[in-house]
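Kindly generate the complete structure, drawing on both the sequences and the hints.
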Amino acid sequence: MENWSLVSVCVLLGLTTRWAVSFSSYSGAGKPPMFGDYEAQRHWQEVTYNLPVQEWYFNTTDNDLGYWGLDYPPLTAYHSLLCGHVAKLINPAWVELRTSRGFESAAHKLFMRTTVLFADILIYFPAVILYCIYLSDGSSKRKVATALCILLYPGLILIDYGHFQYNSVSLALTLWGIVGLGLGWNLLGALAFSLALNYKQMELYHSLPFFCFLLGKCIKQGLMGRGLLLLVKISLTVLVTFALCWWPFLSDPQQILQVLHRLFPVDRGLFEDKVANTWCSLNVLIKIKTLLSRDTQLLLSFALTLLSILPSSIKLLTKPTLWQFKLALVSDEKPVCLMMNELPLMAVWFLLISTFSMLPLLLKDGLLLPYTVTSLAFLYLGVYLLSHQIPCLTDVFFCSNRKGALHLVFLQFTVSLVAMAGLSFTSMVLEPPARLPDLFPVLVSVFSFLHFLAMLLYFNLVQLTEPSSKKSQKKTN
Amino acid sequence: MAAPMIAEWSWFVALAFGVSFIKCLLLNAYHSTDFEVHRNWLAVTHSLPVSQWYYESTSEWTLDYPPFFAWFEYGLSHVAKYFDKEMLVVQNLNYASPATVLFQRLSVIFTDLVFIYAVKECCKCCREDKGKDLLGKSSFILATLLLWNFGLLIVDHIHFQYNGFLFGVLLLSVARHFQKRHLEGALLFAVLLNLKHIYLYVAPAYGIFLLRCFCFTQNNADGSLQWRSFSPLRLVALGLIVLSTFAVSFGPFIVKGQLQQVISRLFPFKRGLCHAYWAPNIWALYNIADKALSILGVKLKLLDMSKFSKASMTGGLVQEFQHSVLPSVSPLITLICTLLSILPAVFSIWRRPNGARGFLRCMVICALGSFLFGWHVHEKAILMAILPLSLLAVESKEDARTFLILSTTGHFSLFPLLFTAQELPIKILLMLLFTIFSFSSLTKLFSKSGPLLNSVEVAYLLGLVPLELICEFVYPLTSWQHTLPFIPLLLTSVYCALGVLYSFIRLYLSVLTAPSTTGKAKSQ
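In order, the protein sequences belong to chains F and C.
All letters in the first sequence, in the order written, are residues 1 to 477 by this note's numbering.
All letters in the second sequence, in the order written, are residues 1001 to 1524 by this note's numbering.
Because the hints were derived from the structure by calculation, they are not lab data.
One or more hints might be untrue.
Unchecked claim - No more than 35 Å apart at the CA atoms, straight line, and that leaves these computed lysine-lysine pairs for DSBU-like:
no.	chain 1	residue 1	chain 2	residue 2
1	F	Lys141	C	Lys1085
2	F	Lys364	C	Lys1085
3	C	Lys1444	F	Lys141
As the list claims (entries may be wrong) - Selected chain F positions facing chain C (in silico; Cβ < 7 Å):
no.	residue
4	Met1
5	Glu2
6	Ser5
7	Ser8
8	Leu15
9	Thr16
10	Ala20
11	Phe23
12	Leu110
13	Met112
14	Val373
15	Ala377
16	Tyr380
17	Tyr384
All C-beta atoms in this analysis are idealised placements derived from N, C-alpha and C, irrespective of residue type, glycine included.
Below, the structure is given as structure tokens:
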């Protein structure tokens, strides 16, 4: 088969899976008064369409910030505005000020799901395809297999097309940034990542690697001369992008402050719900939430976050290659997709864990079926395609002359999978004991957290002890 | 050792799992009234004694499949009771609780295992491709074309039917004939006829083939019939198999004196020439010609408008279509037309059989002929021609060409089955998936001998794109949507009828001009 047809088949499979998942329920379906993220997105369309820009982030009679107030940067708001315009054309009742709260209908659900699909097709899919074609190694078959695995990553599909969000947009913009930087189009990369930052402030996690990568490149080209010029150009690009995105808010410092206040709600505690991070897990043993004061919690969180990504970023500064860049990025879950080609087993493993970590949320949204099917499909596909890259995977369990380390890793992988399956099953089927109502979500969180920690250590290890032979053949810019 | 065998078929398992995952994701998609039909049959077979099965009419969806399918539903109903007992109550019309949907959908996915097994057997009959990479192997292409067949996916797993299971039996029977296990093949086909009698469409092919190639054990030197090699033993064996199968199936009803009732349920000829949505066959073209002529006649004042019934001028697609200008068509006429259309092909394999492949080709022609000329044909019946043709498509360039045209138009003609907005992206995406794959892989397979389709054929197929855009996107936004809502269906069915007819003609030409596999006297 021709390459273009293989790529088309992958794209179509990815789109089919997404749309089939969209048949399922969304967050907060039929649950007044607050509903869920779906209602939040619809509400933002209502707010941005009906109110002037100056009121979007402020608490007014028309804009009750307590009811899903805007807490993403301006680009999300503009996206909602665009969707709001389209919604008004189709059915004005969808975005009527105040009266459209809690609006639910089959046609509306179709509209909302279509907006996600549209954004995916426009931005995310091209980014993934370009990334796989130009920035990954191997035969064209391997690139296509990588693309397919990335496109079928369940976590993103379930959250975007099930729970309902637009994560694919920010991820796609970041990916465009990576593609840009990887291909040597530094300004495009900087532009794309700035846009990503202006879409979701969570991308700040990735900003340090981006910053160090670009700075490292500039230093490499000599800080006096071409390097400086590059630095100036990049800075200008970033500044202009930010200025354009924040244009309506620049006139009044109060506006800027309010937006920042909404983006970084330091009033909220260290964690909400049960999340698979350090604090939630630590809280099980030491009641951090009550022990430390609010400000101390904040400082500690900030310091440790910075500390966790500092080593990789410093290494990146000294050695700005694409491989180092990818390793540095992988402190967050979703970019683990990027490792699909080079470290397929790890990528598949950790992407499964990241999907699994969202199980309590997915169960609440009624996404049991898509979760099971997409996770199983991703696991099967990953292992099947892997087994063609590592010869005779099936023989690993029969032959005895494979390296002991590989054996051990597969053993751990299998144990981890069994544990995930077991926990999933019990979460779905059993009732938790009355004394510990949150038993299963907490177990899921702690389990996932331990894996994430291991992943962080593993990738840092890979980065710091980089063996000279294989990795030096990665693309350098 | 088991490991190489597993590795050899791992791609097949991957294909099967992959399509099964998609089927699972479609669990919550739209389902048609066929869902209620099967739920009703579950209830009827479970709750009522056998003597009542073909008399029960609480629901409008009475049992109209042969007894073996009723027993199949009976078997399923014993599993159904663990999901939701309420679905087995006959009075619970249109009962569709989540557990019911889950059970019914899973039952289709599960019974598809028969289809998967049959596909594997068919792949084993493909010729060996040594040295080609996986994606270029004809067995891989065949497996994908069958397992991921668009028509089967949307008819079975969205619209809701059990065609996978039934076509599995059909393809298994074909595979057995390829493997020269003719008695098994005959048994499977006899069972299939008692599961769904629509397969009578291809019974002539089976009958003549088995008579010619199984009962007569040898051919003359020039490939013609050697009358002396008739084997009465084989004929008796065949007869016993077929008769005993029918006896087991219809026996209980004959004993109870219910045979006439069963037959009347199975063959309800009171329905019209065409289904409410015209299947893309000859009669669709006939209807449109009739309508066009009548409009022309009225305009040219050759005909008196008062003679026509009101409905025929402005009415939509009605079951009882009154022909105004051209002569009306009765069931007998359709039967005669069908027989006439398949007779040359059947004669051809009698005179010069081409082994199992010739039989398969004749089978496809019988299916297509019955589709084109039959009475009250359902557009889903096109699958009976497309699926077996896949086997021929991976082996011969001409057949690949015909397959591409038939499958694309045939699949497109199934679009009106899924008319909901939510399923629109799914049907377009899956159609694109199948079409791109089939075109790309078959072109690559026969790349050595030039392009597969000529420009006229390509233009015709590309014309499906604007047709779809007009029918599903543009037309609903116009004012005609309310006054003449049937126009998109009419356009679809007429446009596709041309493609189906063209494929039929091409297939016939390939049969009539095929060189016979003569040589020495062959013994079968």
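Against the structure, the hints:
1. Lys141/F - Lys1085/C: violated, 49 Å
2. Lys364/F - Lys1085/C: Holds, at roughly 27 Å.
3. Lys1444/C - Lys141/F: Holds. Lysine 1444/C to lysine 141/F sits at ~16 Å (cutoff 35 Å).
4. Met1: holds, 5 Å
5. Glu2: holds, 6 Å
6. Ser5: With Cβ-Cβ at 4 Å, under 7 Å, it holds.
7. Ser8: holds, 5 Å
8. Leu15: holds, 5 Å
9. Thr16: Cβ of threonine 16/F sits 5 Å from chain C, so the hint holds.
10. Ala20: holds, 4 Å
11. Phe23: holds, 5 Å
12. Leu110: This hint holds: leucine 110/F lies near chain C, its Cβ roughly 6 Å from the closest one there, short of 7 Å.
13. Met112: violated, 12 Å
14. Val373: With a minimum Cβ separation of about 5 Å from chain C (threshold 7 Å), the hint on valine 373/F holds.
15. Ala377: With a closest approach of 4 Å, the alanine 377/F hint holds.
16. Tyr380: holds, 6 Å
17. Tyr384: OK, holds: tyrosine 384/F within 7 Å of chain C, min 5 Å.
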